[in-house]
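**Q** Full structure from sequences and hints, please.
Single-letter residue listing:
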Amino acid sequence: MNVQPLRPPAQGRVRVSAPRTLAHHIPSGTSVSQEVAEQTAVGEVMVRSLIRSQLRLALVVAAGFVAALLLCWALVLWLPTFTDWRVLGIPAPWLILAVGVYPLIGTCAWLYIRAATKNEDRYRDLVDEK
Amino acid sequence: MNPAIGYSALILVSVSTALIGFYGLRVSRTTSDFYVASRTVRPWWNASAIGGEYLSAASFLGIAGLIVISGLDALWFPIGYTAGYLMLLFFVAAPLRRSGAYTVPDFAQARLESSTARHVTSLLVVAVGWFYIVPQLHGAALTIRTTTGLPSWVGAGAVVVVVCLTVATGGMRSMTFVQAFQYWLKLTAIAVPAIFIVLMLSGVTGQQSGPTIPAGTELFPPSNPPSLDSAYGTISLMIALLLGTLGLPHVLVRFYTNPDGAAARRTTLIVLGLLSIFYFFPTIYGVLGRVFLPELAATGSPDATVLLLPGRLIGGLGGDLLTALVVSGAFAAFLSTTSGLVVSLAGVISQDFLGGSVRGFRIAAIFAAVVPFAVAMVTDSLALAGSVGLVFAFTASTICPLLLLGIWWRGLTDAGAVAGMLTGGVLCATAMIVGAQLPIDAPWRSVLTQPAAWSVPTAFLVMVVVSRATQHRRSTTVSRFMSKLHVPERPLDVENPRTSSS
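So the sequence lines, in the order shown, correspond to chains A and B.
In my numbering, each residue carries its 1-based index in the first sequence increased by 1439.
In my numbering, each residue carries its 1-based index in the second sequence increased by 13.
Worth flagging that the hints you see were computed from the coordinates, not collected in a lab.
Backbone N, C-alpha and C define an ideal beta-carbon position, used for all residues, glycine too.
Among these hints, one or two may not hold up.
What the hints assert, rightly or not - What the simulated footprint calls covered on chain B by chain A, stretch by stretch (three residues with Cβ under 8 Å from a Cβ of chain A suffice, anywhere in the stretch; the number is not a length):
hint	stretch
1	89–96
2	484–497
Claimed, not checked - Chain B residues, not near chain A, derived (Cβ > 10 Å throughout):
hint	residue
3	209
4	308
5	334
6	391
7	454
8	456
**A** Right under this line is the structure:
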């Protein structure tokens, strides 16, 4: 595959290759105050508390979602023994599994993103106050 | 079926894929473009691309096929496939993007500072990728066989050739365009015929002669009576699908193309929406397939339901056009998932063994596609959704614990990670192989064929216990790395450095 460059190449060809790992130089989206904050003891505490609150949030929302999923499962198993409820000819268990679960997934995702962003904003405010 | 339909659909998809690939190539200028699309892909593009890559043969053909066989219970598959992204969003999306690592092995090395851990992860990633590509090639073989009558190797071979050409020439940036296009192609291909069929059957079109649902047919059979065995199967499947998604190599590599952690989250939210819309349609095919194509379940190729239903229900030119549409959607599914996997595998193989040059990437890409082709040729097609489910169980028992503990627990050591991954991988693979040999009514069969419920917790447990026993091996830079993962980026003044620098 030969693509001719429009302009003549600079003197001496340089072979470009991906570094063995890109993990050591992320594009710097971090500011000086953040860098400083992370190296101090206080900064370390703040980072730890940020991680803890994000983890707690993720676990709570995940647990809520799994509980809701179990509830759906129970409904699918037990509803037919009580009722033959249908919408447009579709029985309730099919409606729950084919359609009903998806808005639930979307809602969980939206709630999580809102809360996670809030956690990060709180952390930013703390760092800036220092 | 008229073979011309199959041929034209195949050519249509291949040509449009190649065109978009070459268009992308013109804007792919740097090595970084080639590998990670310079991390400047916008959430909508990226989400469409993730959707395009993720909706594989299992989603496009497999779910409907499974509904034909097992009815209501099959609906757990699309739920699991979608909800896997929810877990990815909660636990992995933003931190992994901030880690700056390009592949899972990169992450393992940066987090654990160990090249052994890196190599073990690389091997697992390559194994996962290969075993995920095999069902795609089986799907392609089935599609070509069903629509044109050509031998199986033609379909699988066509996918491998097109994928190698696009990946080796275009790299990641053009792949993003191709994948995004293929999501929308797949959605159109599955939705339009389904809507036509439903309208026709409900009598809105006013056609008198068309097929109708025979009176007294139960379209929606109730689920099988609950048993301990089926309950275990459902739980194990959900664990595999929920946790397996976040270890899939082709899914992870997509997240590095987001500009920052917040964008990674936004992307995931859009992906969830795109998947939810898509998964509404296979159910329609499955339900109608039970009524109109019952012979497929008997002949052992229920996965062809989606391909054959439009032709069966809508005759004439309309039926031919809709069939061509569906076949091209199926082909887009094999192409996009396979190329996504090949890109991520090529990334791993070339970085680990070939020095990371663009040339190495191309060689690795061909290597990554040809090996599963050989495997697919000597193995028989299982039910597509089922065999993809097994790959999810395997990633859930190996790469998922590495990522979750690596991102959220400072105590993870390289020895713990390696021990846990190997334990999970060996347990999971052995159980599946032994389980597949057992007769279908053996009492412990489902415990072995669906190992996720016990192999995933075991892998986590081994990782934690061994890490605790080898505390002295903790990485010295873990604190810095943890803050890099979790501390939000500054909002940048300039969002896209590419456009501003020119």
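**Q** Count the residues of the stretch 484–497 of chain B with a beta-carbon closer than 8 Å to any beta-carbon of chain A: does the count reach three?
**A** holds (count 5)
**Q** Compute the least Cβ-Cβ separation between residue 454 of chain B and chain A, then decide whether it is above 10 Å.
**A** Label holds. Min Cβ-Cβ 23 Å, cutoff 10 Å.
**Q** Regarding the assertion that residue 391 of chain B does not contact chain A, is the least Cβ-Cβ distance greater than 10 Å?
**A** holds, 33 Å
**Q** Are there three or more residues in the stretch 89–96 of chain B whose C-beta lies within less than 8 Å of some C-beta in chain A?
**A** holds (count 4)
**Q** With 10 Å as the threshold, tell me whether residue 209 of chain B passes as away from chain A on beta-carbon distances.
**A** holds, 18 Å
**Q** Beyond 10 Å on every Cβ pair: is that true for residue 456 of chain B relative to chain A?
**A** holds, 22 Å
**Q** Does the claim that residue 308 of chain B lies outside the interface with chain A hold up, using a Cβ gap greater than 10 Å?
**A** The claim stands: residue 308 of chain B keeps its Cβ more than 10 Å from every Cβ of chain A (closest is about 23 Å).
**Q** Compute the least Cβ-Cβ separation between residue 334 of chain B and chain A, then decide whether it is above 10 Å.
**A** Label holds. Min Cβ-Cβ 27 Å, cutoff 10 Å.
Of the hints listed earlier, there is not a single one the structure fails to meet.
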